[in-house]
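Enquirer: Model the placement of chains H and G on the given structure of chain L, informed by the hints.
Protein sequences, first through last, are from chains L, H and G. Okay, so the first sequence: first residue is 1 according to the numbering used here, each after it adds one. Okay, so the second sequence: first residue is 1 according to the numbering used here, each after it adds one. Okay, so the third sequence: first residue is 1 according to the numbering used here, each after it adds one.
Bear in mind the hints are in silico, worked out from the structure with no lab data behind them. Since the structure is predicted, the reported quantities are computational estimates derived from the model, not experimental observations. Just so it is clear, CB atoms sit at the ideal spot from N, CA and C, and this is done for glycine as well. Take every hint as true, because none was put in to throw you off.
If you anchor each label on the Cβ, the simulated ranges turn out as follows:
#1 H:G154 to L:Y607: 21 to 31 Å
#2 H:V27 to L:G588: 47 to 57 Å
#3 L:R587 to H:F70: 46 to 56 Å
#4 H:F70 to L:Y607: 20 to 30 Å
#5 H:R160 to L:G598: 32 to 42 Å
#6 L:G602 to H:M1: 50 to 60 Å
#7 H:A63 to G:G55: 22 to 32 Å
#8 L:V582 to H:I150: 42 to 52 Å
#9 H:A15 to L:G598: 31 to 41 Å
Beyond 10 Å from chain G on every Cβ pair, some chain L residues (computed):
#10 L27
#11 Q67
#12 L91
#13 I192
#14 E360
#15 R365
#16 A419
#17 G438
#18 Y555
#19 A563
#20 T583
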Amino acid sequence: MIPTLAVLVPLLPLAGWVASGLWGGRLGRQAVAVIACGTVGAAFLAAALLFWQVRGAGDRSPIDLYQWIGAGGVRVAFRLLVDPLSVAMALVVSGVGFLIHVFSVGYMAKDPAIGRYFAYLNLFMAAMLTIVLAGNLVVMFIGWEGVGLCSYLLIAFWFTRPAAARAGVTALLVTRLGDVGFLLGIFLAFGIFGTTDFSVLTAEAGRTLALGGGTATALALLLFAGAVGKSAQLPLHIWLPDAMEGPTPVSALIHAATMVTAGVYMIVRLHAVFLRSPLAMDVIASVGAITAIFAAASALVEPDLKRVLAYSTISQVGYMFLAVGVGAFGAGIFHLTSHAFFKALLFLAAGSVMHALGGETDMRRLGGLARRLPRTAAAFAVGALALAGIPPLSGFFSKDLILSDAFRVHPWLWAVGVAAAGLTAIYIVRAFAMTFLGASVGGGDRMAHDPPPVMDTPMWILVGLTAVGGALGWSFTHPGALERYLLPVTTAGGKAPLPIPGPPAEEWALVGTSLLVAAGGIAVAWLMYVRRTLRVGFGPLAGLLRHQFYIEDAYAAAIVAPARAMARAAAATDTSVIDAAVTGIARGIGRAGQALRGLETGYLRHYAAFVLIGALLILVFWVMR
Amino acid sequence: MGALLFAIVACAALAGGVGVVAARQSVYSALALLLVLGSLAVDYLLLDAQFIAVLQVIIYAGAIVVLFVFIIMLLHVRSGEEPRVRMVLPPLPAALLCGAFGVVMLTAVTRPTLAPASMGVAFGTVQEVGRALFSRYLLPFEAASVVLLIGMIGAVALGRRLSTGGDR
Amino acid sequence: MAVPAPYHLALSALLFTLGMVGVLVRRSALIVFMSIELMLNAVNLSFVTFARVRGSIDGQLLVFFILVVAAAEVVIGLAIIVDIFRSRETVDIDEANLLRG
Chain L
1 MIPTLAVLVP LLPLAGWVAS GLWGGRLGRQ AVAVIACGTV GAAFLAAALL
51 FWQVRGAGDR SPIDLYQWIG AGGVRVAFRL LVDPLSVAMA LVVSGVGFLI
101 HVFSVGYMAK DPAIGRYFAY LNLFMAAMLT IVLAGNLVVM FIGWEGVGLC
151 SYLLIAFWFT RPAAARAGVT ALLVTRLGDV GFLLGIFLAF GIFGTTDFSV
201 LTAEAGRTLA LGGGTATALA LLLFAGAVGK SAQLPLHIWL PDAMEGPTPV
251 SALIHAATMV TAGVYMIVRL HAVFLRSPLA MDVIASVGAI TAIFAAASAL
301 VEPDLKRVLA YSTISQVGYM FLAVGVGAFG AGIFHLTSHA FFKALLFLAA
351 GSVMHALGGE TDMRRLGGLA RRLPRTAAAF AVGALALAGI PPLSGFFSKD
401 LILSDAFRVH PWLWAVGVAA AGLTAIYIVR AFAMTFLGAS VGGGDRMAHD
451 PPPVMDTPMW ILVGLTAVGG ALGWSFTHPG ALERYLLPVT TAGGKAPLPI
501 PGPPAEEWAL VGTSLLVAAG GIAVAWLMYV RRTLRVGFGP LAGLLRHQFY
551 IEDAYAAAIV APARAMARAA AATDTSVIDA AVTGIARGIG RAGQALRGLE
601 TGYLRHYAAF VLIGALLILV FWVMR
Chain H
1 MGALLFAIVA CAALAGGVGV VAARQSVYSA LALLLVLGSL AVDYLLLDAQ
51 FIAVLQVIIY AGAIVVLFVF IIMLLHVRSG EEPRVRMVLP PLPAALLCGA
101 FGVVMLTAVT RPTLAPASMG VAFGTVQEVG RALFSRYLLP FEAASVVLLI
151 GMIGAVALGR RLSTGGDR
Chain G
1 MAVPAPYHLA LSALLFTLGM VGVLVRRSAL IVFMSIELML NAVNLSFVTF
51 ARVRGSIDGQ LLVFFILVVA AAEVVIGLAI IVDIFRSRET VDIDEANLLR
101 G
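This is chain L alone, in the form it adopts within the complex (with noise of 0.2 Å):
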């Protein structure tokens, strides 16, 4: 039952995208939108299965489909692997999938190449599984590469506008680079574990890796170079806000949802190696620190809507590798899941928003739209607080199990992060406010309205478990639901230093803390964009937050500017030097017909003379030998 379970998941929307793919011209819209959410929600079926079936704790099964490569001493088996974890993970993408599926029938109902863009969600739906239920490393790197070709195919789906291609483009490449790493460490896990089945790493980490070696060091850097790419994290986040150019519901599943937190997963998931090695550690929670509060301060400036959203993903991100990085493995799951709620949740209301203004994404033309789309309003609302981290949204119990965590392991790493979620809560009520509230600035809003049933209904579903799925991880002082359903999971590659709880009041000082911050935060936003009466002037600092920081510009320069130019020359030596020598034979031997021409006088007497040339060297060359 299990395996063949396993085996749906991914198989259904990879058979959805063959559908759509080969015949979607002749079925029409309807059959495409049919297949494609339909495969979506049949492999959540199959999932929730799965889950019932793995309810017990400790149940792993791995699942060898069939031996896939197998040379010499190198035998890779193409295995799947079924336990809480990757049920839990496939639960999550495959539900969030399935309401975003539902939410593009309406979103992309006038975009005539809608078959193409269900096949390609399908493919990514596939893809995406693959990497959750994958039994070893290589399989997994299929996945990521699939998701990583899907999330170009779909950033640049209108690609006739050239934005959207060169953002295609950016994306494919710059988590390119983070795949060489994850390449790399594949390769040296094989070269240490000659394989990289989990089960195995799991097992074998604890004795093979000196705790604190150069071998585990490097291993879980380049792993998590991978990880850095895919989730963009500082200095690979460039790709994300610019991904905003293609259709929002693919901003939702894979910038907000799925494909982001590929890396988060990628680490749970080898969580033995990483523990191997406290300065890896270290560096991943310091990364996922810093991105945290510098992609919030990004987002402060941002004037448009969906760029803010992205800055956020990217800041939320930081958080799950904040925590994976202390050890909080169950935590770091289980804000991606809240997050992946929450987050589709805005994208989605933003999604309602340009559908209502005719695509509309720049802040400062919006306004006040609260009076004409008010469902739309109120699910982002919801939605905003939960970013806030506003109890009891879901939001809030996850941000405060990382940030408790994080204490208790590096205090700064917690100071860092509260700053980031007050940081948050300022950008966020921001965006409601220039969105929603106020007055209506663009005017483009006459016939605005709240979407249609198949776009709000997912809407509202992601409101109510944005709501009610901090219940997941409902208590500090024991592990929450969902960190118990984990465990087995998470301790298995050997005890993670991760925090026993500690006494309930510094606890709750600490739940104090943040919930003054984030309230303080909120606040603050109301007085500087709704009431208006608290100007805040960035001063300097308003220069580098608008400009990222300079870090594209420094892209540019450092690593743009001499690849084009080693392009230049390339092409340069390719016509003068390459070209000239082919042509220059042709031309060669064009003058030299020329040259001949010369022989062709049309005078008799020239021609006599010739024969006459010729038959005498022939005469003398006889009478010679």
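Expert: Same frame as chain L, but now just chains H and G:
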């Protein structure tokens, strides 16, 4: 006796040859050609080729030269060529070239010693030639008649004027 | 054979050379033609000589055929020259350079 005859013949032939090449008027060239052909016919007799000698006189001297003269008359051709500024082929190098050719040829032909074979009395007679012509060389003979036919047809076709006047 | 073969052959060579000079140097088409006939005759002479030397009648037969072909050739050639003369009023072969490439 034979040597003397040959000496005369040779001189005549060479003189005629020079005359053909050098004469200012085409008619004189034609007459010089006639001299050459006649001398050669005598030379053929010296070489026991009676039939060929007669044919030479009949065909070459009797028909071809006549044809030449006719055409010269028809075209009123003066061979006084106006001096041209630009020489297509400068005469001196051309002559030198030919001279070189001639020298090589001479060395080629004078080197080997060729002893004449013995042969019967009937060598070179009409019967002898005829016998070979109609046995071994029958096919070329027939082909030759076709060639002549073609020549005749061609000449008539080329010489025709269209009724609309002008050239074809 | 009263006169040894090489003498006849030498005469043939000289006549051939003279004909060659005529072809290359003279401008009138008729003179060129006549020079060509001169060359043909030189070759005829050498054929006959060799027939005598080898005692084979084949050489003379070849001369026979050369005669036939020369006759046909002269006929056609003169017809062409007449044709060219009609359109160009000249038999200067340097004027017939339309085939220049």
